[in-house]
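The residues making up each chain are set out below.
There are 2 protein chains.
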Amino acid sequence: MPGQSVGVVESRRAHFDQALHLRSGGVLPAYDLVYETYGTLNAAKSNAILVCHALSGHHHVAGHYADQPDNVGWWDNIVGPGRPLDTDRFFVVGVNNPGGCHGSTGPSSLNPATGKPWGADFPMVAVIDWVHAQARLADLLGIDSWAVIMGGSLGGMQALRWSVTYPERVRNAIVIAAAPKLSAQNIAFNDVARQAILTDPDFHGGNYYEHNTRPVRGLRLARMLGHITYLSDDQMGEKFGRELRNSAFSFGFGVEFEVESYLRHQGDKFAGYFDANTYLLMTKALDYFDPAREDNGNLTATMARSKANFLCVSFSTDWRFSPARSKEMVAALLANGRDVSYAEISLNFGHDSFLMDDAHYHGVIDAYLRNIKL
Amino acid sequence: MPGQSVGVVESRRAHFDQALHLRSGGVLPAYDLVYETYGTLNAAKSNAILVCHALSGHHHVAGHYADQPDNVGWWDNIVGPGRPLDTDRFFVVGVNNPGGCHGSTGPSSLNPATGKPWGADFPMVAVIDWVHAQARLADLLGIDSWAVIMGGSLGGMQALRWSVTYPERVRNAIVIAAAPKLSAQNIAFNDVARQAILTDPDFHGGNYYEHNTRPVRGLRLARMLGHITYLSDDQMGEKFGRELRNSAFSFGFGVEFEVESYLRHQGDKFAGYFDANTYLLMTKALDYFDPAREDNGNLTATMARSKANFLCVSFSTDWRFSPARSKEMVAALLANGRDVSYAEISLNFGHDSFLMDDAHYHGVIDAYLRNIKL
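Top line first, the protein sequences correspond to chains F and X. Every letter in the first sequence is one number past the one before it in our numbering, and letter 301, counting from 1, is 301. Every letter in the second sequence is one number past the one before it in our numbering, and letter 24, counting from 1, is 24.
Only chain F is shown next, with the shape it has when bound in the complex (with noise of 0.2 Å):
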């Protein structure tokens, strides 16, 4: 990894007093963003970069805070002087959606209302809701316009959204390992994720905080199960392979292969800190990403609304948002004559391969990033 870190950083928070109206009907009265910002916005305020964040992501996209040298951002590799989002030239700004568990307004945040974590009452949440939480910090912070609207997964599905809902604030989308709308597959496995939570007997309905409790061995299903298809199936099998834990078999329902042990540790850590119902909201959000239902399914409609030059960037060896996903999108900016490049890199991580380190897959991000213009 060539270039260094952003080194110590500061979240910081933003308070909002005016009302969210959700995709959903529902309304946040008002809301608390949590964000980071690495590097300087220049004179002109035009060199901004947004990385948006995935599932499980929140702000704090690179460097590591003061008192917590091990705590390192998301996304640190490709964030920094010398590198890609090169911090030199860029002001990059990360922040935590609504509805998140990381310092943002969610479901664990105090109701105004009534005083009490949201829990269940806390409304369902779409794409094109962070981005018009996200625009609003876009004027607080002075940025009438991105140069750049980033993320991988769920983040590139906003990068997408931003660009045809303010088609005037993004000059560059760099859409990686996305999807223009989920499969009946992709929502098969979320369904399960939730139904494991739903169906845990320490949900309450949602609202476990007020029972002291967490559905922990929901959410540790709904990780487990997210964790295959975050990865390869020849990953896997390089990785783990049949090994055993022990030298000969157990005979019992422990851990008998490494692949168990390591699936298992990444479900109990993950239920050890996310919120379920963040889960639960993030997983929806992605099943209804689809801009182009307001155009009848008509991509290419949909896409002529956006005025950005887009990268798009997929991973052969990703199962979940396959390259023939991303190209849907490159046909549609494609038949509206739009500026477009796109690359599939060949990495053995899966879906996971968008926060790799890879020179190759890094190279095409900052070759992109070098060509534009402040």
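Please keep in mind that the hints were generated in silico from the structure rather than gathered at the bench. Worth double-checking, as some hints may not be accurate.
Taking lysine-lysine and the DSSO-like style, the derived pairs with C-alpha atoms no more than 30 Å apart in a straight line are [what the hints assert, rightly or not]: (1) F:327 - X:239; (2) F:239 - X:327; (3) X:307 - X:327.
For this one, chain F is given, so just place chain X on it according to the hints.
For chain X alone, coordinates are given in the frame of chain F:
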């Protein structure tokens, strides 16, 4: 579907007093097997076909019961006069494996040592144990050598195992939609399913029978997840797409998309009749299956012990056990100079294709069986 169903059938029960010593070190002191037969065993006893069942299958392969006209065997479409498993020519046997929940001795049976259901004390069973149990049934039926042993998925694994464990007793093996061992991803999916059951508060460590309850939530999740892996992405897309249950989004956690309705229904139905302990045992038998383990992973050395002719069949859209997995078996057989036929069938039903009534698929089976000399 040409040909006819076998019509009214009856299941039988055989009791075995001889202890079955299991791969896990456990012992079944005595056990029952329920089975069905279709057609007539010829005088030379040379026309017998054993059909082995997969994870959720059983002995009721074909026909229907006199008092249950709608209870049709799970592979009825391939068995009967004029069908590929032509009962005018062959004597076809279906048997429920030990550990099952359809009549053969399993976790819900009474443990003679305690007078209570076996529950968690039921020993872990492996594919080779089923093969030994089936061999004793063959002895009972007077079948020294099977013309054919066949099955799909876990059923195909039994055919493979038979061919190397009792090479003198299998003249032909038809291995459909199977693999010589599970991949890390296969094991991972199984482990999530098992964790759903094991962590269900109604599981009671496997002794839920005594608590007058069943781990319905966990079993339902396991089946929902399993179903996703049985179907192809394409098929789910064609069958359900992003069709909504209602005309507009409901923005709730009820059924939103048709695919959710389908999966939840499948989960509910299965959880209503299947035994969770059997589900655990069957998935573990899948995980453990790896006959080449006895030969340090050298499948060619393993298959050298077989004397059967083989037909291996795979399906283009099966991502659970893809065509590449069948080719591993074919390669090991070819390396031994064995007589092996291989067909990769283009069918859109994923792993479940092996249950489908497709002219090309059934034509391949039919042609193979017609060429067998009895």
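Going through the hints against the structure:
Of the pairs offered as hints, the one joining residue 327 of chain F and residue 239 of chain X holds, with about 23 Å between alpha carbons and a cut-off of 30 Å not exceeded. The straight-line distance between the Cα atoms of residue 239 of chain F and residue 327 of chain X is roughly 23 Å, inside the 30 Å bound, and the hint therefore holds. Between residue 307 of chain X and residue 327 of chain X, the direct Cα distance comes to roughly 19 Å. Compliance with the 30 Å bound is thereby established for this hinted pair.
Violated hints: none; the structure is consistent with every hint.
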